[in-house]
Amino acid sequence: MRVGVVTFPGSLDDRDALRAVRLAGHEPVALWHQEHDLHSVDAIVLPGGFSYGDYLRCGAIAARSPIMADIIDAANKGVPVLGICNGFQILMEAGLLPGGLIGNDHGQFICRDQELVVENTDTRWTAGFQENQHIVIPLKNGEGGYIADEETLKRVEGEGLVTFRYVGINPNGSLHDIAGLRNDAGTVVGLMPHPEHAVEEGFGPDTDQAMRNGTDGLTFFTSLALEGVLR
Amino acid sequence: MSAPRHIDSVEHAAATPDVKLPYAELGVTDSEYQEIIALLGRRPTSGELAMYSVMWSEHCSYKSSKVHLRQFGQKMTESMKKNLMVGMGQNAGVVDVGEGWAVTFKIESHNHPSYIEPFQGAATGVGGIVRDIISMGARPIGVMDALRFGAIDHPDTARVVPGVVSGISFYGNCLGLPNIGGETWFDSSYQKNPLVNALAVGVMRHEDIHLANAQGAGNKVVLFGARTGGDGIGGASILASETFGDDGRPAKRPAVQVGDPFAEKVLIECCLELFEKDLVEAIQDLGAAGISCATSELAANGDTGMVVELDKVLLRDDTLTAEEILMSESQERMMAIVKPELLEKFLAVTGKWEVDTSVLGDVTDDGRLIINWHGETIVDVDPKTVAIDSPVYNRPMERPSWLDALQADTIHTRDRDNTSAGVMDQIRSVLSHANLQAATWITNQYDHYVLGNTAMATPDDAGMLRVDEESGLGVAIATDANGRYGQLDPRQGAALALAESYRNVASTGATPVAISDCLNYGSPENPEVMWQFAEAVTGLADACVALDVPVTGGNVSLYNQTGETPIHPTPVVATMGIIDDVARRLPSGWQDDGENIYLLGTTSLELDGSIWADAIHSHLGGIPPKVDFEHEKSLAELLSSAAHEGLVTSAHDLSTGGLIQSLTEACLRRHVGARIWLSELQERDNIDSVTALFSESQGRVLVSVAREDDVKFQGLCAGRGIPVLRVGVTDATQSALDIADVGVLGLDELHTLHESRLPEAFGPLVGGRA
Amino acid sequence: MATIIIEVMPKRELLDPAGKAVHRALLRDGISDINEVRIGKRFELHVDGAATDAQLQAAKKIADDLLSNGVIEDVVDIRVEGN
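The listed protein sequences correspond, in order, to chains E, Z and H. For the first sequence, position 102 matches number 102 in this note's numbering, and the numbering has no gaps at all. For the second sequence, position 466 matches number 1466 in this note's numbering, and the numbering has no gaps at all. For the third sequence, position 20 matches number 2020 in this note's numbering, and the numbering has no gaps at all.
Read the hints as simulated data drawn from the structure, not as lab findings. Don't take each hint at face value.
Example chain E residues on the side facing chain H (calculated, C-beta under 7 Å, incomplete) [to be verified]:
#1 Asp54
#2 Arg57
#3 Gly103
List of simulated lysine-lysine pairs, DSBU-like, C-alpha gap at most 30 Å [stated by the list, open to error]:
#4 Z:Lys1081 with Z:Lys1066
#5 H:Lys2020 with H:Lys2060
#6 Z:Lys1339 with Z:Lys1277
#7 E:Lys154 with H:Lys2020
#8 Z:Lys1339 with Z:Lys1192
#9 H:Lys2061 with H:Lys2041
#10 H:Lys2041 with E:Lys154
#11 Z:Lys1063 with Z:Lys1081
#12 H:Lys2020 with E:Lys77
#13 Z:Lys1063 with Z:Lys1384
#14 Z:Lys1345 with Z:Lys1277
#15 E:Lys154 with H:Lys2011
From the three backbone atoms N, C-alpha and C, an ideal C-beta is built for every residue, glycine too.
Same shape as in the complex, but just chain E (with noise of 0.2 Å):
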């Protein structure tokens, strides 16, 4: 499969996202904000960082780009999009998923190795975990709680959106502590950790077996070319 990972002015996961991509078994492909060419990719990812500085609002400029009205149409299609981190701000900015991000409700950026609960694979991202399944993903974000009028949470947790949830400590204030959503299609995920973090033995969370040997976020990764498969 073809999977593109979109690179904004500010950007900073791209390499590492790219990097998941072929760990994977994918080929990745670069796709650059200003351009209209999704390069007949089958996914795209839109990655973590800080683009555009932040400024205005997370991810507010980046969701406004030329390329962004490329894959709105695309993922209205049913082609699958990952937002990672920054790139979950964008796609809320863009309307693809419901609620929004504000700043951590302690005021300072976090950096840590964090446990979250599948809770739903009927993605195209998670169609490879277990249900309920444990994992623990590398967060980083001054900018992650999750937040939504009383409407639209009854509607996100009655419909099932709610992809991942944080598990043991809730890192940011999110609300519901959750951690990620998906769309009514489960084509289009956002989600605040980065699984491009955990995808290679020696880089990524620490776990019991050995130090940095966490690799949970390949599954995000490899379950794109489960599809039909297990369903």
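Once you've looked at the hints, dock chains Z and H against the given chain E.
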């Protein structure tokens, strides 16, 4: 300083020799002013004076330290040069790490701004050192920070620490650079003068190394990056050359620079694309002294001249005078020398990244730096006199009168409580000392994952980054300094800083190959400080020869004082090492049950200057530990072999806090306890329990070895003449550190002792225990 | 030269962690008669001459489309200064 009503051109200056310029206000001494007049053959214009004042400041010219720093070059042996591709004199040194890869790294200070405005001071410190790395042609791949603050419980420390940490966090994280390590130290010596030493490391292919030499008459001088504003005007000369007035008002008010890491991130990507497309002949970043520095250094290093139209500089603030533009320290700017036929392509790249760019002028071959403003020449100097041939001072030095008494005041003659209850109390006091605390409160605010190549980071002994994804080739870096040792013996203190950071790198399994240093001292106008500085440089230069590692570049920060009192001599040494495959690195803590724990090296009574002496007796006196360089080298070679052959499952070096600290950290790293006995150690080395646990003898490392590798490992030690003694076994069944004949400390208690002080002082730990 | 001022505040019913942090700081400084602090943004759009009705209409659209995120923010004021 008010701008003259008309332009103070060169012509005007020549015609009006009697005009009095306010050189003293800019930090230029009488004799320096006379020197400038002699060099120019007339009085300087105000623009020229502005340039000389910043470029001849202590911070930029190293005028008080140069004469001593020469030792680094003079004492360099052929062997030390073997991996060195670019030495001192450029923006940063470059080391060959193998497989066609070169690594550049440097550590630099941003101390005074961090006291005034901790957030921006620290943030722009990171920005500045990263730009130094880019300007060598490298992609920056990591940062580290060595921090020193006042007493941990002082209210002002609570102002400075969160600001500095969030500043480093803000800037480093936004640049997408993993923070892989550093150190934090609290001491009242730094109360009014915190030290923020920032390190950056970058990587490039050999053929991509860029130098800051403008060459080729006709080539274009291009300024790109952020627009120029009124940031930090005169910061360099004013901050670094004067102390603050005692009435609380600075003698000269420095303007702090404000950083925009997004602008720098874009600048990094833009520069890397320029390098990739081979569009740059030479490049220099703009740091202290801004345009004055970039133009004069590029021209001087290239042995050429330059003509610059200052009007072409893109401004944020239209009201800036020419002098202010010349001195401005606005961040996130670079200056490149570009062949005229490549200019269009250059501009296409900066255009793509939406980076403000302007062509300021041309490189010439007449050896003069000419700057024009509003149609008149306001600067016409030989760039070498500005950038290279600044005054060199051989300031008076005097061994401090108090030093003999201090060195005679050893803690060794005082009785030590060796009862088990007494030792347990001392353990608790020492482990909870502010300077032995985990840095979690700080490092939880730093991204250590970005770029996906972090093989080791805090709390491991060194930061380690993979350089080549195919082969696993990597580099390890550690920074160290101990101001208390420096105060007791400045020469030995510097040697110890190197020995410790060298050993930290070796403990990961990497082979140390080069260093960078940041020398933080008081006022050079104080002969005792000058003596301390000279001693340190000598100690460090000699230690470099003994350990066969060159100084690749570094930084000197003087005038660090709290009132009239200079800080403790604090020579921060950053050692870099190479490892063939990061997969072979040695974790700093054991994780498997039933492995043997060995102590390499020997322990003697060396408690002077130790954490124990401070924690138990509030004492600083005597002489610091000795260093055996041959032994440190053999130890490093042993660890490298052991890592390569997979004989050792963890290695953790001993330094401040002695054996108890290393045992604690090794247990807590993977949360696996140990059963330890000291009887054989005490007998072999003829020491008591207190000495065994708290002495800070050098050349020691704690390793864990799987049973099946015992024989081979002991053989390896014997072969290299490294003293080795089994001191315990790992024990995953009981979560405790059990020291025979002393007591048992649960891992939870150890965790509390090791982690509580910073949250207590600065606020709850965000995100809890990892 | 006129200026169109646009003020955006976080939605009343949602969290304002920055505002809370500032409030806590005031309390630490002994200021106890301020009940709440909320932090928003002020935008200035500078135009030549007097601001026209068309420009004001456009400003409203700009405020809704770009300067505020309707999910988490409200545009609480749009006014002209210097007309």
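We went through each hint and held it up to the structure:
1. Asp54: For Asp54 (chain E), the interface hint is violated, since the closest Cβ of chain H sits about 13 Å away, which is over 7 Å.
2. Arg57: Constraint on Arg57 (chain E) satisfied, holds at 6 Å.
3. Gly103: holds, 5 Å
4. Z:Lys1081 with Z:Lys1066: holds, 21 Å
5. H:Lys2020 with H:Lys2060: holds, 29 Å
6. Z:Lys1339 with Z:Lys1277: holds, 13 Å
7. E:Lys154 with H:Lys2020: holds, 25 Å
8. Z:Lys1339 with Z:Lys1192: Since the Cα atoms of Lys1339 (chain Z) and Lys1192 (chain Z) sit roughly 48 Å apart, the hinted pair is violated (cutoff 30 Å).
9. H:Lys2061 with H:Lys2041: It holds: about 17 Å lies between the C-alpha atoms, which stays within 30 Å.
10. H:Lys2041 with E:Lys154: holds, 29 Å
11. Z:Lys1063 with Z:Lys1081: Holds, because 26 Å separates the two Cα atoms, which is no more than 30 Å.
12. H:Lys2020 with E:Lys77: Violated. Lys2020 (chain H) to Lys77 (chain E) sits at ~42 Å, over the 30 Å cutoff.
13. Z:Lys1063 with Z:Lys1384: holds, 15 Å
14. Z:Lys1345 with Z:Lys1277: holds, 9 Å
15. E:Lys154 with H:Lys2011: holds, 18 Å
In summary, the structure is inconsistent with hints 1, 8 and 12 from the numbered list given earlier, while agreeing with the others.
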